[in-house]
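Chains as they are written, first to last, in my numbering: chain A, 1 to 232; chain B, 1001 to 1754.
It cannot be assumed that every hint is accurate.
To be verified - Straight-line Cα separation of at most 27 Å, DSSO-like style, residue types lysine-lysine; simulated pairs:
hint	chain 1	residue 1	chain 2	residue 2
1	B	K1649	A	K76
2	B	K1046	B	K1067
3	B	K1649	A	K80
Everything labelled a hint here was simulated from the structure, so no lab data went into it.
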Amino acid sequence: MYLEMKDIFKSFGEKENRQEVLHGITCGIREGDICVMLGPSGSGKSTLLNIIGGIEEATSGTIKIDGKEITGKSEKILSKYRREYLGYVFQSYNLIPNLTAKENIEVGAYLSKDPLPVSELLNVLGLWEHKDKLPSQLSGGQQQRIAIGRAIAKRPGILLCDEPTGALDYKTSKEILKLIEDVNEKYGTTVILVTHNEALRKMADVVLVLKDGRIVDREESRSKTRAEELEW
Amino acid sequence: MRNPLNKRFFRELKSDIGKYIALFLFLVIMIGAVSGFLVADNSLKKTYDESFDRYNVEDGHFILAGKPEKSLIEDIEKKDVKVYKSFYKMARSGSDYKLKVFVTRKAVNRQDVLKGKLPAKHGEIAIDRLFAINNKMDVGDKIKVGGRTLRISGYVALSDYSALFENNSDIMFDAARFGVGVASQYEFDKIDEAVNYQYAWTNNRKDLSDKERKKKCDAITKVIIRDRTNALEEIIQRLDNQAITFTGNDMGGDKGMFLILLYMVIVIIAFVFGVTTRSTLEAEAGAIGTLRASGYSKASLILHYTTLPFAVTLAAAAVGNAFGYWKFKEVMAALYYNSYSLTTYETLWNEEAFVLTTIIPAIIIVVVVMCVMMWTFRLSPIKFLRHDFRLRKAKRAVKLGNIPFFTRFRIRIILQNKVTYIVMFIGIFLASLLLLFGLFLRPLIDNYSESVDKSLMAKYQYVLKGQVPVAKQKFHLRKPEKYALEVLQINEKDDVSVYGIKKNTAYLKNLKLADEKNQVIATSNYMEKYNLKIGDSIEVKKKYSDKKYRFKIKGMYKYTGGFGIFMSSSNFEKTFDKEKGYFNGYFSDSRLKGIKKELIATILTKEDLNKVSRQLADSMSGAFNTIKVFSVILYMLVIYMLAKLIVEKNAGAISMIKILGYTSSEAGKLYNRATGFVVILSLVICGVIVQPALKNIYKAMVRQEMRGWLDYYMAPWIIPEIMGIGILSYFVIQSILLMKIKKISMAEVLKTME
């Protein structure tokens, strides 16, 4: 397995305020797969994603990526890990407001010794004409494209997407999903996609369903549906 | 129902307690110091003014060569004055000091006991407090006075010696070398020194004008001269007695400087409040938009966001004023007590200080914060909901070409935060100005001291009481040269010495005197202070008279001592109606023999002129150091507050780049270095513009507030030192900010981002 999680526990607060969010998650994801994590609000899917991303620490358990363990490591090592392996896409884009579209992608590219050519990415993302615009001058869909561009510019092994279409309309959502699918196919990037949208399970290689901090269902897909054919 | 938003005040205060404590303390110190100064200054001035009645201070005194007949005193008293015996003996302690001893005063020029008690027993003396401290003498110590060993029974302040001038003609007093004291009649008689027959007088009518007082003095002089039994050695009316008037003239002179410093700091703090409150509005834009959409009025929200800065300022002003009256007043009064022999003062309520240090600062801060609020609240609720703070449509991003990515990133940070950086620049400018103020005065005084040495008219400048010839003696260098002198009044503050000089004088180099009547050469310091140019006309007046003189300036003579104007001897004689060959002074390279001491009004030497700078430096060195420390703290406060604001504003972006894999130190390099670049650029720009700004402020202040003139001088090391201090301050702050960046949690910030 490219990504291995074993007995991941996570709790917030202390003593009587202690709240268990993850209760011993154990699973693995193959390299190049699209993994869709489903579950209702509060099921722990975003927390699990953040732990995989190294921006939150598990209370206990281990995570290995490409055979390397990342749990219990210092902030410096975690930074290196994120730099080498991860790309992050959020529902709210989180672009740097004072940088242009091109510069936001460069923020990602800068971190890699062998980044994807930024100009090529701008073309692939359909943003060439908008490269000199600030995020505030762009639509939600365009901003999310930049966020994806920024995430993949450094050729990460894993692309973590937290509700990437949550703030977008139907048509734009499909365009973004197609883009994620294209990235997966073109660059072989492993994709972990957290969503509420049940329809997205059809585009996954593997589906994890979480409820109350536990994986209640794991489903391997034999026939995937192309993103542009999804309907909901 | 009370406005529920009010519940936020305490929480907001708690959430940003560091910022509010720093601003609060800074305001407390500044307001406290200025309020303390104004209260001390006002209380001391009133105490000083009232001391004339309280201690029955003389209207003048005269010294006779011998003890007069009773009839002379009676004749003088017929001039509607009361005469009091005020004999003294001058005791010397080797070359260390001179002590003028009087009998304990009961009727005139009474003394105030500041420590210990008046001499009651034999073998006791009470001496001036400042003189005692300068010579490390304490109550109970024994000192030698005129061959007797006396125990110091107490510290006193003599009401006619608030400034310890040994001779009235001295340019400056020296409270270490000359002091006064009082002893019992028994001890006075035992002191083995000659008696000086000094008498003080007070006018029976207290409401006389200056002119009438002068007339009274002239009338007494005539009576004494007519009597012919005793030579008149000295007669000085109170208005001309530096030992009495110097202190009063100096009081209040620093008020302008203190107020300028206060308002500079208040403006900086007002901007810091403005920028930080605006930043709060940006952070809470969504909630504000919702409140506006729900019916909260603009005014109520403006009031809400202005309340905290206003409350903090008022609280700081209240605490500052309390400290001012309680502690700082003592510190500020000590500035005067370190220079002058003042009687005990009573603290008086000063409503002007309250207005200047409380009302005006509060108004400045409220106006600045209000303006920022009103400008921001011009936006519609929907703009707040969208976090869109632009009034116009979004502009295109500035094209930055192919410069390296990190540089571009930093330029974008600077462009995004330009308003904050502009405020930072203003803050750095004002802090630099303040620091410059603290650093430049000492070298300026030293420079004055040096330039006085260089511009001395002669090694010895004799001012005589009449036309006294010099005994024959050998002169190695130049022969002594006669001159005529008349002192006229420019205004209430400044006098000018008018010199009648021999043409082709050997003493004043390159002085080209004009031939025409009323055409003069003026000294450079006089022209500088009064903004005079060659060709201008000046009008000066005779003291205690309505007689005025008008002169036209034909040239300038570089001189840094007292104000002077020069004309040819013949012009002088015509102007002042003197006989041909009139003179009352000598320029000389050596001491002159054969001139009786009592005929010499004064001898001006390098040492006399240096006393002025020494006294200035001694009395102000404490203030210089305080300003320095205060400015460095201000530097750090301004840079820290605003740099912190930039980090806080960009917490989301910093968090995001950390998620992408940037380390905290890389994030620091982006955000802190952008600020560092602005700080260094600001310091460089300020290094260039702060000097002319200070020069203008200094000149305006000296013209407005001070007597005389000290040439503006900036030591070459000061600007680099200021830049060094600024850069060092920034590096200290940068390391604090890096810790702040390290603390920015990735997960937490992501949750709050929209």
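Inset, instruction - Sort out whether K80/A lies within 27 Å of K1649/B, counting only the CA atoms. - result: It holds: about 26 Å lies between the C-alpha atoms, which stays within 27 Å.
Inset, instruction - Take the C-alpha atoms of K1649/B and K76/A, compute the straight-line distance between them, and say whether it is at most 27 Å. - result: holds, 24 Å
Inset, instruction - Measure nothing beyond the straight line between the CA atoms of K1046/B and K1067/B; if it is 27 Å or shorter, mark the hint as holding. - result: With a Cα-Cα distance of about 37 Å, the restraint between K1046/B and K1067/B is violated, given a limit of 27 Å.
The structure does not agree with numbered hint 2 stated previously, though it agrees with all others.
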